[in-house]
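Those protein sequences? They're chains R and D, same order as listed. Counted the way the working numbering counts, the first sequence spans residues 1 to 249. Counted the way the working numbering counts, the second sequence spans residues 1 to 637.
The set of hints was computed from the structure by calculation and includes no laboratory data. Keep in mind that this is a model prediction, so the values were computed, not measured. No false leads were mixed into what you were given.
Pair by pair, the computed Cβ-Cβ distance ranges are: (1) D:K18 x R:N171: 57 to 63 angstroms; (2) R:R18 x D:S215: 28 to 34 angstroms; (3) R:G48 x D:R319: 53 to 59 angstroms; (4) D:E387 x R:G94: 23 to 29 angstroms; (5) R:G218 x D:N27: 53 to 59 angstroms; (6) D:S547 x R:R242: 48 to 54 angstroms.
In silico BS3-like pairs for lysine-lysine, Cα to Cα no more than 25 angstroms straight-line: (7) D:K467 x D:K252; (8) D:K184 x D:K467; (9) D:K391 x D:K299; (10) D:K253 x D:K476; (11) D:K507 x D:K523; (12) D:K297 x D:K637; (13) R:K11 x R:K105; (14) D:K383 x R:K92; (15) D:K184 x R:K204; (16) R:K11 x D:K541; (17) D:K320 x D:K297; (18) D:K476 x D:K184; (19) D:K487 x R:K47; (20) R:K192 x R:K147; (21) R:K47 x D:K541; (22) D:K487 x R:K11; (23) D:K495 x R:K11; (24) D:K495 x R:K47; (25) D:K467 x D:K31; (26) D:K102 x D:K320; (27) D:K596 x D:K621; (28) D:K20 x D:K6; (29) D:K253 x D:K621; (30) D:K298 x D:K320; (31) D:K487 x D:K541; (32) R:K192 x R:K246; (33) D:K538 x R:K47.
Glycine residues also receive a C-beta, built at the ideal position from the N, C-alpha and C atoms.
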Amino acid sequence: MNLTLRVWRQKNAGDPGRMVEYPATGIIPDMSFLEMLDVVNEGLIAKGEEPIAFDSDCREGICGTCSLVINGIAHGGQRGTTCCQLHMRFFKDGDVITIEPWRAKGFPVLRDLVTDRGAFDRIVQSGGFISVNTGGTPDANALPVSKVDSDRAMDAAACIGCGACVAACKNASAMLFVAAKVSHLAQLPQGKVERTQRVTNMVKQMDVEGFGNCTVTGSCEAVCPKEISLDFIAQMNREYGRAILKGTK
Amino acid sequence: MILDSKIPSGPLAQKWEKHKFDMKLVNPANKRKFEVIVVGSGLAGASAAATMAELGYQVKCFCFQDSPRRAHSIAAQGGINAAKNYQNDGDSVHRLFYDTIKGGDFRAREANVYRLAQVSVNIIDQCVAQGVPFAREYGGLLTNRSFGGAQVSRTFYARGQTGQQLLLGAYQALSRQIGNGNVKMYPRTEMLDVVVVDGHAKGIVVRDLVTGEISAHAGDAVVLATGGYGNVFYLSTNARGCNVTATWRAYKKGAAFANPCYTQIHPTCIPVSGDHQSKLTLMSESLRNDGRVWAPKKKGDTRRPDQIPEDERDYFLERKYPSFGNLAPRDISSRAAKEACDEGRGVGPGGLGVYLDFADAIKRLGEETVRERYGNLFQMYEKITGEDAYKTPMRIYPAVHYTMGGTWVDYNLMSSVPGLFVIGEANFSDHGANRLGASALMQGLADGYFILPYTIGNYFASEKQPKPNLAHPEFKKALESVEAMTKRLLSINGKRSVTSFHRELGKLIWDKCGMARTQQSLKEALARIPELRAEFWKNVKVTGDNSNLNQDLEAAGRVADFLEFGELLCLDALTREESCGGHFRVEHQQPDGEAKRDDEHFSFVSAWEYQGPGKTPLLHKEPLVYEEVHMSTRSYK
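Start from the sequences and build out the full structure, keeping to the hints where you can.
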């Protein structure tokens with residue numbers, strides 16, 4: 001396959017950045033999208049040019065590091081798939097492919113396709129946990145949890161924190177990410193103790209970080225590689241409403 | 001260097017309790033006066049950093065990823081072992097201990113393994129309290145499954161994402177301490193050197209991967225939780241960023257490296273599809289519960305699998321190991337697949353693959369049941385290969401997955417450099433020559449939550465070391481050497497890319513020191529690696545500069561270390577004249593082709609001490625003394 005790539009290049013946070021066109025030749029359909037970029041980068045290095053910087057680590061769809069907007073769609077448009085698991089057989093010979101970083105105020109670009117997602121960490125630091133110290137915990141079977149609750153908590157906990165939901169949202173809202181964590185913990189008896197304070201703090205931090213509001217367009221759910229359901233946003237709103245009624249600050 | 005394992009006296013089952021009592025304590029008000037540096041934020045690093053911060057220590061935690069939540073622990077699929085005996089099937093601490101020792105082919109330290117089995121039960125309690133959504137029964141209690149090498153069901157799991165959920169639990173505990181101000185987190189920061197002052201680890205030198213700034217950090221102790229070295233093979237199931245740099249540079253500062261030749265090759269991975277391949281993907285061990293492994297009987301048989309009649313197929317695991325069949329342990333299954341391919345009976349591109357066939361299972365159980373059990377894995381397989389495993393057998397081939405070797409540590413998890421602790425996959429201590437499934441997560445969390453936080457206090461309380469001082473000349477020296485290496489890498493401006501060197505090294509190690517090793521192959525590797533290294537330092541091309549994010553430069557430093565480490569790996573494999581676990585020396589096998597261990601001459605840990613550039617490292621032997629278990633030959637026939 002021979003393709004044309006239009007890639008966002010930006011030397012650092014201070015550089016205005018621009019789209020640059022590169023040919024990608026001799027691409028094999030069995031390559032992953034990131035391996036295709038590896039090939040292009042090897043070609044750039046051979047010419048003495050700086051390779052395209054992009055984030056990736058596990059390359060099996062679980063670490064949440066890779067983060068490319070491909071042809072305008074976060075992770076490229078194959079349902080339930082991170083871009084590291086997107087393969088070139090998904091494209092056609094001769095395609096022109098546009099590759100951009102996550103675009104959101106909360107995720108400043110560090111270089112080329114690499115963004116700073118530290119905002120997500122800070123949201124978790126504001127309350128996305130259960131406050132237990134190591135040791136002194138009761139036996140794991142001392143507190144039965146219904147399978148329904150446990151499974152639903154797991155559905156929410158499957159979030160890999162990649163940020164595609166923010167990148168896809170026209171408001172750059174982080175609601176799906178925050179909702180997944182709030183719902184995971186609120187669903188379990190262990191997490192219920194702190195539920196009002198948790199949701200209040202996390203929503204506050206989400207706003208501080210510059211993420212927009214949710215207008216329920218559902219684009220986040222459509223691109224989520226773990227197919228986290230929009231229902232969790234509803235659950236978070238209920239949690240938040242509950243916290244307001246309880247006067248949590 | 002004198003290696004003292006510091007194993008406490010007394011009966012095996014009481015060693016840890018006794019040791020906990022004997023260790024000196026730091027009073028709660030004094031803990032805040034100690035600063036601990038933790039490098040790595042996977043299961044071991046995050047759990048250690050969080051727990052030490054809870055205790056009151058001042059903690060700084062560093063990771064090269066963009067967030068501590070991305071460490072490679074996240075990719076573990078299957079589960080975590082614990083001797084809870086919730087299934088009432090006869091499990092116990094002693095049984096988990098014994099299975100682990102036997103699985104490791106009697107090459108692990110007995111006292112460490114026993115302690116691991118003891119604290120395994122606390123790990124599950126801790127994780128449940130944190131909100132880890134382990135799988136449950138309808139009655140609300142936790143459920144278990146079984147894994148290779150065990151006859152009881154003791155594996156706890158969270159769908160196929162156990163590593164992810166455990167890591168998120170530890171990450172959340174860590175995040176809580178970051179939010180409280182007890183841990184200062186440094187993401188996108190890579191450790192490039194350990195600073196040793198008067199024989200004690202007193203700090204590290206790091207590079208900020210965004211700005212390129214190189215800086216030093218002082219601490220009363222340094223903890224490395226930096227994972228394994230599987231990427232020395234270039235292609236492995238490890239994440240792209242996994243590297244040996246932290247433990248290697250610690251080795252060059254005096255921390256002995258133990259058993260590097262113990263590498264685990266996992267039998268069921270998706271085969272390499274071409275030269276472009278950047279990593280290999282694991283297909284969970286659980287697939288072998290229902291899939292049958294086979295290769296054509298005829299050499300060079302290029303027919304489609306459905307056109308090969310039953311009597312022309314060789315179900316080699318069932319043939320060779322009738323009592324374990326397709327569930328033979330990892331090292332043994334991997335070697336059997338390699339043998340079939342070596343005989344020219346491999347399938348797929350390059351003949352490097354065997355079939356994992358579900359046709360019988362689908363006939364017996366129906367496609368729906370198979371889909372329920374393994375649907376996500378079949379889907380992953382299809383994404384990568386474009387093939388439908390419900391219709392045609394999967395093609396699988398062994399791949400490097402885990403490394404049992406690592407920095408030598410004593411019972412307190414302290415390396416041969418006082419004040420430098422090493423935990424998780426980065427150390428060598430618990431898995432011997434072969435790790436059992438679902439035991440890596442257990443060890444990472446045991447070290448981080450329940451062992452290191454105790455033993456580090458003992459170091460502080462008994463050593464009474466002077467406070468670390470950034471002004472000490474050793475810090476300046478370390479900074480200068482890191483800066484010089486960075487400058488040198490950027491100035492070579494040769495013709496070959498960093499990746500091309502890594503690929504060549506990986507292929508060499510895989511061919512010469514992979515699933516089967518011979519004296520000759522190892523000698524060839526030992527001759528070739530220094531040449532390749534010399535070429536690297538003459539001809540590598542590293543683009544860009546040091547004042548911006550530069551992934552090429554990051555990779556160059558890691559590959560430079562792999563080019564040195566690879567030599568130690570092969571040297572260790574050459575000197576271990578026996579076959580055990582993941583280390584198979586062709587010269588040492590039973591008449592039927594099984595591994596032949598030599599307890600009389602090789603019942604020891606090989607710990608290598610650095611002697612300076614270009615010099616052969618010095619081998620120290622820590623004898624393995626078994627008080628409780630009787631060493632026997634592993635048989636799975």
